[in-house]
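Residue numbers (the working numbering), protein chains in the order written: chain H, 1 to 168; chain X, 1001 to 1119.
A hint or two may mislead.
Claimed, not checked - Ranges between beta-carbon positions, derived for each pair: (1) X:Arg1023 to H:His89: 41 to 51 Å; (2) H:Phe103 to X:Glu1072: 30 to 40 Å; (3) H:Val106 to X:Arg1088: 16 to 26 Å; (4) H:Gly79 to X:Arg1067: 27 to 37 Å; (5) X:Glu1053 to H:Val110: 26 to 36 Å.
Just so you know, the hints here were simulated from the structure itself, not pulled from any lab data.
Note that CB positions come from ideal geometry on N, CA and C, so glycine has one too.
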Amino acid sequence: MSATRTNSRNETRIVVDPQLPTIEIIREFEAPPERVFRAYTEPDLVAQWLGPRRLPMRIDEYDARTGGSYRYVHRDEDGTEYGFHGVFHEVRPHDRIVQTFTFDGVPDGVSLETAVFEDLGGRTRVTTKSVLDSFEARDGMVASGMETGVVAGYERLDELLDAGTTES
Amino acid sequence: MTDRLSRVFSALADPTRRDMVARLATGDATVNELAEPYDVTVQAVSKHVRVLEEAGLVSRRKDAQRRPCHLEAEVFDLMTKWIERYRREAEDRFRRLDAVLEQMEDAPADGAREQGAAS
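The following block holds chain H by itself, in its conformation from the complex (with noise of 0.2 Å):
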């Protein structure tokens, strides 16, 4: 069982919009969207996977409902901080979840996002689209990523992966 899991890659989608300043993450998981949608709100949880690779995260609150806030920073190796905020629009458990984001380094910008949680019977795909304000805020988003992060992240993800299956 475990092995199926593991040789069955979950591929991510992005969906870049030309017409519109969007961009869409589409992701399945092997777990049921009760599960995932813990995993997307409790702050412990969301504490495991959501940072960018090894940069520790520090979650100053994460409160997932309806009209909750959260705020949350990343810490590189010069010490230097970087933050995000928003509040939430609509937590629906299981099924949706729409939030503002906003990076303190940008704090005139601000992007819509809606995580949807589909029940695939056991399994879960989940879709965000992101809608932001402007065609240059979309491309500067996928244009960004610090270039020391995408090694150090697949080292954690080896650690993680390891844990996970010596465990199951």
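Chain H is already provided as a structure; the job is to place chain X on it using the hints.
Chain X alone, transformed into the frame defined by chain H:
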């Protein structure tokens, strides 16, 4: 880099230009040849070509009489490279989520904890 990417994206936001790019992917063509399938003036097609040129998607040889348009494949590569990097970052994040989900399976929740009760 980002500016260049933005120019490529916006150049491709137009369906006629996307069509012209698809046509050029099969081989070089003059503005007149590009204009043939469309019900628009050669001037309008010229304008589209200029946008594609400014985005770096198309180049035109200065010396040749017919000045055929040539598709710059490397610029496409640049765009797909950025998207692929963004995709890999998302994939990286989601694989960590995979591991979290798997660990959750081993230690099931004690009742209804989902409404942000954990803090």
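Satisfaction of the hinted span 30 to 40 Å by the C-beta atoms belonging to phenylalanine 103 (chain H) and glutamate 1072 (chain X): holds, 32 Å
Valine 106 (chain H) paired with arginine 1088 (chain X), Cβ distance criterion 16 to 26 Å: Between valine 106 (chain H) and arginine 1088 (chain X), where Cβ atoms are some 23 Å apart, the hint holds.
C-beta pair glutamate 1053 (chain X), valine 110 (chain H): status relative to the range 26 to 36 Å that was hinted: Check passed, 34 Å falls within 26 to 36 Å.
Whether the CB-CB distance between glycine 79 (chain H) and arginine 1067 (chain X) falls inside 27 to 37 Å: violated, 55 Å
Histidine 89 (chain H) and arginine 1023 (chain X) - C-beta distance against the hinted 41 to 51 Å: holds, 43 Å
Hint violations for this structure: number 4 only, all remaining hints satisfied.
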